[in-house]
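Novice: For reference, the chains in residue letters:
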Amino acid sequence: MNEYVITAENLTKSFGDFTAVDRISFEVRRGEIFGFLGANGAGKTTAMRMFCGLILPSSGKASIGGFDVYRETEAIKRNIGYMSQRFSLYDDLTVQENINFYAGIYGMSRKAIREKSAPLLKQLGLEAERNALVGSLPLGWKQKLSFSVAIFHEPKIVFLDEPTGGVDPITRREFWQMIYEASDRDITVFVTTHYMDEAEYCHRVSVMVDGRIEALDTPGGLKKSHGAASMNEVFLQLARKAKRKGD
Amino acid sequence: MRTLIVIIQKEFKQILRNPATIKLIFVMPILQLIILPNAADYEIKNINLHIIDHDHSALSRRLTENIRATGYFRIEGYGTDRKAARHAIETEKADIILNIPASFERNLVREGKSGLMIEVNAINGVKGGMGAAYMNSLIHRFNSDIRTEWTGDERFMQAGTIGTTSSFWFNPEMNYSFFMVPGILVLLLTIVAMNLTSINIVREKEIGTIEQINVSPIRKYEFILGKLVPQFILGMVAMTLGFGIARLFYGIVPMGSYLTIYLFAAVYMFTILGIGLLVSNYSATQQQAMLASFFIMMIFVLMSGQYTSIDSMPEWAKWIARVNPVTYFIEVMRRVVLKGAGPGDILPELGIMSAYALLTNSLAVFSYHKRS
Amino acid sequence: MKQFINFIKKEFIHIFRDRRTLFILIGMPMVQILIFGFALTNEVKNSRFGYIDLSHDELSQRLVAEMDASNYFEAAAEFADRDEMEGAFRKGRISFGLVIPDDFSGSFHSTGGTKVQLIADASDPNIANTLVNYATAVIQDMAAGASQGLQIPYVIRPETRMLYNPQLQGAYNFVPGVMAMVLLLVCTMMTALTIVREKENGTMEVLLVSPVKPIKIITAKAVPYLLLSFFNITSILLLSVFVLNVPIRGSLVLLFSESVLFTLVSLSLGLLISSATASQTAAMFISLVGMFLPTVMLSGFMFPIENMPLPLQIISNLVPAKWFYIIVRSVMIKGTGLAIVWKETLILLAMLLFFMGMAIKKFKLRLA
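Residue numbers (our numbering), protein chains in the order written: chain A, 1 to 247; chain B, 1 to 372; chain C, 1 to 368.
Please keep in mind that the hints were generated in silico from the structure rather than gathered at the bench. A few of these clues could be false.
What the hints assert, rightly or not - Label pairs and their calculated CB-CB ranges:
| id | chain 1 | residue 1 | chain 2 | residue 2 | range |
| --- | --- | --- | --- | --- | --- |
| 1 | B | A266 | C | A278 | 38 to 46 Å |
| 2 | C | H109 | B | R247 | 31 to 39 Å |
| 3 | B | R61 | C | E306 | 39 to 47 Å |
| 4 | A | Y180 | B | R17 | 18 to 26 Å |
| 5 | C | E86 | B | A355 | 29 to 37 Å |
| 6 | B | P343 | C | S110 | 30 to 38 Å |
| 7 | C | K10 | B | S257 | 54 to 62 Å |
| 8 | C | P311 | B | G79 | 28 to 36 Å |
| 9 | A | F15 | C | F16 | 20 to 28 Å |
| 10 | C | E86 | B | R247 | 57 to 65 Å |
| 11 | B | A355 | C | H109 | 38 to 46 Å |
The model shown is predicted, which means the values in this text are computed figures rather than measured ones. Backbone N, C-alpha and C define an ideal beta-carbon position, used for all residues, glycine too.
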């Protein structure tokens, strides 16, 4: 059985003569928490959008959950969850209505949704807010809810694009707790982040500079090979090579 | 199917969630439907007349009295001052000036003929033309009366004249509301439906929720249909409300059956919603979508034959009217409501509209990309 | 002052960044003035008519020929009876009918004259009315011509002069109307979204906490659109004169100034809508659904205001386009000056102050 749920081989995306993602290759194992680091403009989001089937690659190969990113994007979509860096729940729907909607478009039955959402809301501590408009919730709660919604249909892989932006440290820690729980259930987590302390939580980390993957290893391995005390230092060493300016 | 229902539910909730918007959606058009049809009265009455009387004779005073008695004209000014008359026209106080020359009565008595001069503000050509026509026929009648009186000879009475009687078919009471209310109902439905759909998808683009939907396994047609159905139901409810008002305020009951109207309206509604979604798909921001749909709508509304006659348009403009779906609905409404047409009578229009509905909605599905 | 200029710059960047919107804002008024200027007219031309001729004499044939020769009518078919004619009406083949009685010529020359019956499709009463009037005029003209041989004493011959528009062109009436409508709606739409969009995006808070005064924020939002409107006014006037052949008989400076005043009224109305609403949807709904049909129907160029019931005549005073339409008609077509249109100008000025004041007031309320 193939243990790799994400594989990329020389995957490239150019817009005109600008190469946003430049021949990246790597694999991600089932249940792994894979950190995808890089400065702003390094090409992280573009790469992630290719994996999710939102844009077509220019060249190279990649498969997600065993499905090809060129030909089988709709099959990929059945097997992944996605949380974008822009907030992705409807402000004018209630907590429960958002869950119903997103679970519904993944084809979950009403009964399954009902059975699953009660314990979820309890776990999130949102039982009282179940019929509150999402727009009225604090940002941290929204983010946790977003993540729960993204894995509600039990995808094989969940893609998280800077999920903890603007959230306080306590909520962030709770958020990562949820990520670990998902990983324990064999959901592969592919996450981009700016926070280097979060990078330490990942099983493995890649660092992207100017569209290329400059380093890929466990956080411990990276620190050792770069002779650094923290991921922050590793990142600064690598990012200094960048020629492209962040946005 | 399940996916479709989920989307429809969500759209409904979003529409109904905001009471302020609901009020706008329903109250504003309803108010307009009640008020606006009264504005459309082209019957010529209250024509403002300024008389310049240089004659000051018994005859000129009699003519003035005659004109006053008809009730069509409102004598705004009477005198000898040409400048004042001109000023009255310039300030829109007068529509017509009647010039009675100094020797009006004397010439008629001595030479057997006399003249009058009518000056008409003809900027609005139709109004000017019709005012002048009324004035002319009035003078004609006055002339016959005088002639009979002076000659005492029945022989001349109205010889050499062609009188006219007119019948107005299909709407003998010339009830303007029968014509305006169904038309305005169509226009309001179109404007509201197109507006709401045109900003629908683009709003999800602006908020960012569209990405979340695009990474899901949802099918394109499911998404588009899910957006269409709630708006469709809303539109049908609004139309029913509109017919209620037409009945309540204007006593309008279609000569034909409601079923015929609803059949056509259903197909029409899908066409309009399809156009709205198409606009939404091609726009990047709500502002773009609004401006584009506003542009399309102004052309749809003004080139529909509701306000001006399509027959009088230049050939190229007739083509715009012919590809305009609003033209068809207004035509069908008029035929069913006033002439009692049945489903069989509107088959060609129904066929064209169905083709339209199919075309616009296929394009809407086609142009909605789950990938950027 | 520097802040203010910075604000204007920012608003300009918004406008020029979005090429598609800019294209619509500039292209829309031009396309509309052309289409509507040519196509909209309340003239009725070339209406197909059918007739029943029970005389078939020289005079009846002359009548049909004269009708056919006029601009208004076009002979389509002769019918044997009314049933046949009614069928043609239902199928939409004719919109007007004429019934000529027997012994038409004979009774014309004898006492009492003769009569023809006119039949109009009154499902559109406006057109029916117009057609009946046109037909009557054609028939009476013909009668006058035909009776000239008769020795009739005491004849009063009225002579009619059409002022300002001798050819009775629809464009003379509709171009000023379309100008008023297009300028009002486009300008209102443009600004209606500017403030509310910042509210939705959350950038409004940033503006509000800045030391810039609300009046400056609001004015800065209007300035770029005003400049854009200069362009639109110029293009509309050029198209009217050179493509639609509508003359400018009065002062061009006055016409342009009045257009700018009207544009300002529209822009400030848009700003008022924008600061009074909470969402783009609501702003658009009010500026479009709320204003479109009332402007078309109540500004006077489509339907004469003096024919409306009194309550509607009063409501029509609230429609800014009504006043501008009167001004344009007067200055452009009649060639009058400010001495004639000062009242309308004052009304527009008052509207401008009111909308601007209300916009600032509503804007301030949001600060609290």
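Novice: Please name the hints from earlier in the document that this structure breaks, with their numbers sorted from lowest to highest.
Specialist: Going through the list in order, the structure violates hints 1, 2, 3, 4, 6, 10, 11 and respects the others.
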